[in-house]
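Heads up, the sequence shown is in my numbering, so the first residue is 24 and it goes up one at a time.
In case anyone wonders, no lab produced these hints; they're calculated from the structure.
Watch out, some of these pointers could steer you wrong.
[Unchecked claim] Taking lysine to any residue pairs in the SDA-like style, the calculated list, with each CA pair at most 20 Å apart, reads:
(1) K80 - T104
(2) K80 - Q108
(3) K120 - Q108
(4) K80 - A54
(5) K113 - G101
(6) K113 - E58
(7) K99 - M24
(8) K99 - L121
(9) K99 - K120
(10) K99 - M61
(11) K80 - R93
(12) K80 - G56
(13) K113 - T66
(14) K80 - G65
(15) K113 - L35
(16) K99 - V51
(17) K80 - E53
(18) K113 - G65
(19) K80 - P43
(20) K113 - Y64
(21) K80 - L35
(22) K99 - A111
(23) K80 - C31
(24) K99 - V33
(25) K113 - I27
(26) K80 - V26
(27) K113 - H62
(28) K80 - D29
(29) K99 - E88
[Unchecked claim] Cβ pair distances, simulated, as ranges:
(30) D112 - Y64: 17 to 23 Å
(31) R106 - L57: 30 to 36 Å
(32) G90 - E58: 18 to 24 Å
(33) S123 - T102: 42 to 48 Å
C-beta: ideal position from N, C-alpha, C; glycine also.
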Amino acid sequence: MHVIIDLCVVPLGVGVSVSPQITACQRVIEASGLEHNMHAYGTNIEGPWDEVMAVVKRCHEVVHEMGAPRITTTIKLGTRTDREQSMADKVSSVENKLRSP
24 MHVIIDLCVV
34 PLGVGVSVSP
44 QITACQRVIE
54 ASGLEHNMHA
64 YGTNIEGPWD
74 EVMAVVKRCH
84 EVVHEMGAPR
94 ITTTIKLGTR
104 TDREQSMADK
114 VSSVENKLRS
124 P
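Let the hints inform the model, and build the full structure from the sequences given.
As structure tokens, this is what we get:
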């Protein structure tokens, strides 16, 4: 099953700046080869369900290995069975409507 997720990983107990841990998680996502798009409050990832969820798990493992005693993660996800749809398709659909009166 194809899934698109919005992933926000928040390490707790590591101080005010979490950019080192987020950088490590982003490296995990990039190494996966899955389509992704980082934004200010997380990362959109798309691909086969098991591969995407394995990336989420690996992000947690890596951030814990860096010393974070706790992690809170928010995931929004969507699947479709009526047709294939990518992250780019979803954005393009809205952008096209914005250009129309």
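Here's how the hints hold up against the structure:
1. Distance check on the hinted pair: K80 and T104 sit about 25 Å apart at the alpha-carbon level, beyond 20 Å; violated.
2. Taking the CA atoms of K80 and Q108, the gap is near 24 Å; set against the 20 Å cutoff, the hint is violated.
3. With a CA separation close to 17 Å, the supplied pair K120 and Q108 stays within the 20 Å bound.
4. The suggested pairing of K80 with A54 holds, with an alpha-carbon distance near 14 Å, which does not exceed 20 Å.
5. At most 20 Å may separate the alpha-carbon atoms for a hinted pair to count; K113 and G101 meet this at roughly 12 Å.
6. As the CA atoms of K113 and E58 are separated by approximately 14 Å, the hinted pair is consistent with the 20 Å bound.
7. In summary, the hint linking K99 to M24 is supported, as the alpha carbons are separated by about 16 Å, within the 20 Å threshold.
8. Of the pairs offered as hints, the one joining K99 and L121 is violated, with about 24 Å between alpha carbons and a cut-off of 20 Å exceeded.
9. Among the hinted pairs, K99 with K120 is inconsistent with the structure: their alpha-carbon atoms are about 24 Å apart, more than 20 Å.
10. About 14 Å separates the Cα atoms of K99 and M61, which keeps this hinted pair within 20 Å; it holds.
11. Taking the CA atoms of K80 and R93, the gap is near 14 Å; set against the 20 Å cutoff, the hint holds.
12. Of the pairs offered as hints, the one joining K80 and G56 holds, with about 16 Å between alpha carbons and a cut-off of 20 Å not exceeded.
13. A hinted pair counts as satisfied when its Cα atoms are at most 20 Å apart, and K113 with T66 qualifies at roughly 15 Å.
14. Proximity of K80 to G65 is assessed by CA-CA distance (about 15 Å); at most 20 Å being required, the pair is judged to hold.
15. With a CA separation close to 32 Å, the supplied pair K113 and L35 exceeds the 20 Å bound.
16. Between K99 and V51 the CA atoms are separated by roughly 19 Å; this keeps the pair inside 20 Å, and the hint holds.
17. The straight-line distance between the Cα atoms of K80 and E53 is roughly 14 Å, inside the 20 Å bound, and the hint therefore holds.
18. In summary, the hint linking K113 to G65 is supported, as the alpha carbons are separated by about 17 Å, within the 20 Å threshold.
19. As the CA atoms of K80 and P43 are separated by approximately 18 Å, the hinted pair is consistent with the 20 Å bound.
20. A threshold of 20 Å between alpha carbons decides the hint, and for K113 with Y64 the separation of about 19 Å falls inside it, so the pair holds.
21. The straight-line distance between the Cα atoms of K80 and L35 is roughly 17 Å, inside the 20 Å bound, and the hint therefore holds.
22. Using a Cα cut-off of 20 Å, the hinted pair K99 and A111 holds, with the two alpha carbons roughly 17 Å apart.
23. For the given pair, K80 sits about 13 Å from C31 by alpha-carbon distance, which is consistent with the 20 Å threshold.
24. Of the supplied pair hints, the one linking K99 and V33 holds, its CA atoms being roughly 15 Å apart against a limit of 20 Å.
25. Between K113 and I27 the alpha-carbon distance is near 10 Å, which keeps this suggested pair within the 20 Å criterion.
26. The straight-line distance between the Cα atoms of K80 and V26 is roughly 15 Å, inside the 20 Å bound, and the hint therefore holds.
27. Restraint check: the Cα-Cα separation between K113 and H62 comes to about 16 Å, which is no more than 20 Å; the hinted pair holds.
28. Pair hint K80 plus D29 holds up; C-alpha atoms about 14 Å apart against a cutoff of 20 Å.
29. Taking the CA atoms of K99 and E88, the gap is about 25 Å. The hint is violated against a cut of 20 Å.
30. A C-beta distance of roughly 22 Å is found between D112 and Y64, which places it inside the suggested range of 17 to 23 Å.
31. Between R106 and L57 the C-beta distance comes to about 20 Å, which lies outside the given range of 30 to 36 Å.
32. Checking the proposed 18 to 24 Å range against G90 and E58 shows it is violated: the Cβ atoms sit about 30 Å from each other.
33. The hint said 42 to 48 Å for the Cβ distance between S123 and T102, and at roughly 28 Å that hint is violated.
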